[in-house]
Amino acid sequence: MNDTRAGVSHFDVVIAGGGLVGSSTALALAKSGMRVALIERRFCGAQASGVNYGGVRTQGRTAEQLPLAVRARRVYGRLPELIGIDGEMVVSGHLRLARREADLDVLDRWSAMAREHGVESHVMSGPAFRQRYPWLGPAAIGGSLCPSDGHANPRLVSPGFAHAARRAGADVREQTELSDITFDGTRFQMRAGRERISSDWLVNSAGAWANRIAGSFGESAPMKPIYPNMWVTEPLPLFIGHSLGVVGGGIYARQVERGNCVIGGGRGHGDGEYAQPSTATTRAVMRDACALLPALRDALLIRTWSGVEGETPDGNPIIGLSRTTPRLLHAFGFSGGGFLLAPGVGEVLAELVTQGETSTPIDAFSIGRFSSMPLSVTH
Amino acid sequence: MSGAHRVVIVGAGPAGIRAAETLVAASVRPVVIDENARWGGQIYRQPPAGAGFKRSAATLYGFEAKKAEAVHDAMAKLLPKIDYRPDTLAWACEQNRLDTLHAGRETSVPFTHLIIASGATDRIVPLPGWTLAGVFTLGGAQVALKAQGCAIGSRVVFAGTGPLLYLVAYQYAKAGARVAAVLDTSPLARQAAAAPRMLSQPSMFAKGVYYVGWLQAHGVRIERGVTLDRIDGDDAVRGIRWRTRRGEPRSLDCDAVGMGFGLRPETQLADLAGCRFRFDALNRCWLPERDAAGRSSARNVYLAGDGAGIAGADAAELAGRRAALALIEDIGIVTHRSAQPDATKLERELARIAVFRAGIEHAFAPPVNAAQHWPDDMTVCRCEDVTAGTMRACIRSGLATEVNRLKSLTRIGMGRCQGRMCGESAIALLAAETGKPLADVGRLRSQAPIKPIPITPMLYDDGVHVQPEEAHDE
Numbered sequence: 001m002n003d004t005r006a007g008v009s010h011f012d013v014v015i016a017g018g019g020l021v022g023s024s025t026a027l028a029l030a031k032s033g034m035r036v037a038l039i040e041r042r043f044c045g046a047q048a049s050g051v052n053y054g055g056v057r058t059q060g061r062t063a064e065q066l067p068l069a070v071r072a073r074r075v076y077g078r079l080p081e082l083i084g085i086d087g088e089m090v091v092s093g094h095l096r097l098a099r100r101e102a103d104l105d106v107l108d109r110w111s112a113m114a115r116e117h118g119v120e121s122h123v124m125s126g127p128a129f130r131q132r133y134p135w136l137g138p139a140a141i142g143g144s145l146c147p148s149d150g151h152a153n154p155r156l157v158s159p160g161f162a163h164a165a166r167r168a169g170a171d172v173r174e175q176t177e178l179s180d181i182t183f184d185g186t187r188f189q190m191r192a193g194r195e196r197i198s199s200d201w202l203v204n205s206a207g208a209w210a211n212r213i214a215g216s217f218g219e220s221a222p223m224k225p226i227y228p229n230m231w232v233t234e235p236l237p238l239f240i241g242h243s244l245g246v247v248g249g250g251i252y253a254r255q256v257e258r259g260n261c262v263i264g265g266g267r268g269h270g271d272g273e274y275a276q277p278s279t280a281t282t283r284a285v286m287r288d289a290c291a292l293l294p295a296l297r298d299a300l301l302i303r304t305w306s307g308v309e310g311e312t313p314d315g316n317p318i319i320g321l322s323r324t325t326p327r328l329l330h331a332f333g334f335s336g337g338g339f340l341l342a343p344g345v346g347e348v349l350a351e352l353v354t355q356g357e358t359s360t361p362i363d364a365f366s367i368g369r370f371s372s373m374p375l376s377v378t379h
Numbered sequence: 380m381s382g383a384h385r386v387v388i389v390g391a392g393p394a395g396i397r398a399a400e401t402l403v404a405a406s407v408r409p410v411v412i413d414e415n416a417r418w419g420g421q422i423y424r425q426p427p428a429g430a431g432f433k434r435s436a437a438t439l440y441g442f443e444a445k446k447a448e449a450v451h452d453a454m455a456k457l458l459p460k461i462d463y464r465p466d467t468l469a470w471a472c473e474q475n476r477l478d479t480l481h482a483g484r485e486t487s488v489p490f491t492h493l494i495i496a497s498g499a500t501d502r503i504v505p506l507p508g509w510t511l512a513g514v515f516t517l518g519g520a521q522v523a524l525k526a527q528g529c530a531i532g533s534r535v536v537f538a539g540t541g542p543l544l545y546l547v548a549y550q551y552a553k554a555g556a557r558v559a560a561v562l563d564t565s566p567l568a569r570q571a572a573a574a575p576r577m578l579s580q581p582s583m584f585a586k587g588v589y590y591v592g593w594l595q596a597h598g599v600r601i602e603r604g605v606t607l608d609r610i611d612g613d614d615a616v617r618g619i620r621w622r623t624r625r626g627e628p629r630s631l632d633c634d635a636v637g638m639g640f641g642l643r644p645e646t647q648l649a650d651l652a653g654c655r656f657r658f659d660a661l662n663r664c665w666l667p668e669r670d671a672a673g674r675s676s677a678r679n680v681y682l683a684g685d686g687a688g689i690a691g692a693d694a695a696e697l698a699g700r701r702a703a704l705a706l707i708e709d710i711g712i713v714t715h716r717s718a719q720p721d722a723t724k725l726e727r728e729l730a731r732i733a734v735f736r737a738g739i740e741h742a743f744a745p746p747v748n749a750a751q752h753w754p755d756d757m758t759v760c761r762c763e764d765v766t767a768g769t770m771r772a773c774i775r776s777g778l779a780t781e782v783n784r785l786k787s788l789t790r791i792g793m794g795r796c797q798g799r800m801c802g803e804s805a806i807a808l809l810a811a812e813t814g815k816p817l818a819d820v821g822r823l824r825s826q827a828p829i830k831p832i833p834i835t836p837m838l839y840d841d842g843v844h845v846q847p848e849e850a851h852d853e
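Chains as they are written, first to last, in this note's numbering: chain G, 1 to 379; chain L, 380 to 853.
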């Protein structure tokens, strides 16, 4: 750990990006006794990690994501012990709605597949479904309930992990830009703000901006920025019992304890750096959302927002070792589904650093999987 | 001539009306969007048509009656030459398009050029009891009088600071309401010290002196340099307590309080339009940047009136004209110089008023250390019921050093008002707790809608598009 050059702080691990992935990695590593620096150019958990919808959802995940999702879901069961707050985590169950007959087949197939991974869900339709959910509009003809899913408040959870990492001993630096990142054959050398620092490991968890860091090492992943569009109503009497989604995606809705309904779907605008919601999208999603939740029609809209997130062509994240540089770990491109996965990824990355392997299958997320893809999809 | 250009003005107060007038003189036909049912803005607010009461311009506007009538008449003459949309809320702005709501209908209004004359609201500095029924802003108290022909209570105390405090008290007393006291948190000494600068607009200064003199002559109790302690009451206002300049406790029974600490520009639309902001020490808040002509940092977006920085109604008229001239120049319309006001002269006048404003802001500065003394159980954000104690605990734990983070963690500014009322309080408390200047604790970013809007009208737009497949997140 001692650096031969004076004035250079050396860390076991430097983490680039203080989103939920970076913060949870920092927490896991700091707790295992590693010397960790978490470097965030703005504020921890203030980007996509902090402004997303807040779905703690395993339902609907692809088979390759499920083991990671199940692991991450367990982390959400331990928030008070891990970060000292519950993050408004509610195990509400996730109800994935069918709007046509064919959707029910999709739900049945997923339910059978997920059961093999230990995730229980049950599909309902017809009069029993309608009777159980009088608050749903006729547009919903059935649905699948995954009782172990829920939702949490990303505005609390994401900064919460960064704060817990700091308490556990991580050197968390906000409003600090990483630059001049190189690998000298032994160590990573870089500048954090004005200060020179070095590390044995580098974790690239810079979200929509991760290709900048990958690029320093001759690597890149096909990823484009997306701007998920979200909005919230004034507080309403509690009526949405579960976190909701629809087969095929496009609308998601939850109601927080205070009564506000948080609804997402579609895309806002952005320039890669900042995001802005789109009223056209809000309108389109509202129409569909009101068909599913008629009570929304009488509500007031109080806020719309968006955030910058990175999306890959296959919708799966990039997680794992670099192909060009030893001890460089990538974890980005969560494509709008990272809030649940992130704290699981933190554990996985910590295992990779401390044990050289992880018990959770992540091969499907290798950065190498895109090498056969045409270059035109690279943004 | 202006076929390719679509100019939209938001606001039909003195700034918006004079901007429209200047544009019309250059043969531009602007769309004028205004949230109020009738033109005039807040200062020259007209009673609603068919209000059921009649009060003359002299009664309604006092010394300003002539100016009010001139502005009203100017607008009346413009009506055939503009696309006037009253009762219309511009609630979002993105990509050269405003989203508006009128009579339960949603309309998208495209523009090539936008003049924002969005006006101001009262600055609120909370004190215990400020959320009781019977507490109004000074502006709210004025609306009651001008638009509804009624007073906010039968025994009213006006508290806070700023020239409006005396004006509203005067207007109430003149209308026959019982004004129990005027409690000004600014000391007389500071007002005297600022007098030389305020004399740069002698007629305005004289009016201020007149209101105070009139109130005193009519036996209205005026106390300066007070510290407001609390408004008492269970559900509704029962009285108010304060300390005198010398620290002696005082109290008074009343059933309503009109409260205000100067004005706060309504900058949300400028924010959504992409204008760059800077901290303005005089206004003690973040303002959209603009040049002397009113051009913002965003292309084809112009700013005029109190919405861009408090300067009062006279300055608003001048700034509205000046911004319109800049716009006309920018789109390349050549006009006869004699037909239009002189830009240089307008800017010189505005600069002179700015000196007066600096005097006013100094004379009537809001109580700087108020946030330090807010009791923990006092509500700061009434929409989300966030107390000073909750915010303090969050700041003291080291979790929030910046206002957007404070918002995330405590919900301050996340309710119906979206921080329009409580945002400055959050910044003040953050600055007080961290010892940082107001400019260094961040700025609350605006998000559409600017004010809450009902969802139903959003469902009936024929232009509703279908979400693209690739936007199907879950």
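These aren't lab readings, by the way, just hints derived from the structure by calculation. Keep in mind that a hint or two might mislead.
Unchecked claim - Restricting the straight-line Cα-Cα distance to at most 20 Å, the calculated cross-link-like pairs of lysine to aspartate or glutamate (EDC-like) are: (1) G:224 - L:848; (2) L:815 - G:174; (3) G:224 - L:443; (4) L:724 - L:740; (5) L:586 - L:740; (6) G:224 - G:271; (7) G:31 - G:234; (8) L:830 - G:298; (9) L:830 - G:234; (10) L:433 - L:443; (11) L:553 - L:708.
As the list claims (entries may be wrong) - What the simulated footprint calls covered on chain L by chain G, stretch by stretch (three residues with Cβ under 8 Å from a Cβ of chain G suffice, anywhere in the stretch; the number is not a length): (12) 460-474; (13) 821-833.
Stated by the list, open to error - Derived DEER-like restraints, expressed as beta-carbon distance ranges: (14) L:768 - G:84: 18 to 24 Å; (15) G:238 - L:614: 25 to 31 Å; (16) G:137 - L:614: 34 to 40 Å; (17) G:137 - L:813: 35 to 41 Å; (18) L:731 - G:195: 55 to 61 Å; (19) L:554 - G:137: 19 to 25 Å; (20) G:272 - L:465: 38 to 44 Å; (21) L:442 - G:86: 58 to 64 Å; (22) G:298 - L:814: 33 to 39 Å.
Using N, Cα and C, we set each Cβ at its ideal position, and we do this for glycine too.
Legend entry - Violated hints, by number in ascending order, as checked against the structure: Violated hints (numbers, rising): 3, 4, 7, 11, 17, 18, 19, 22; every other hint is consistent with the structure.
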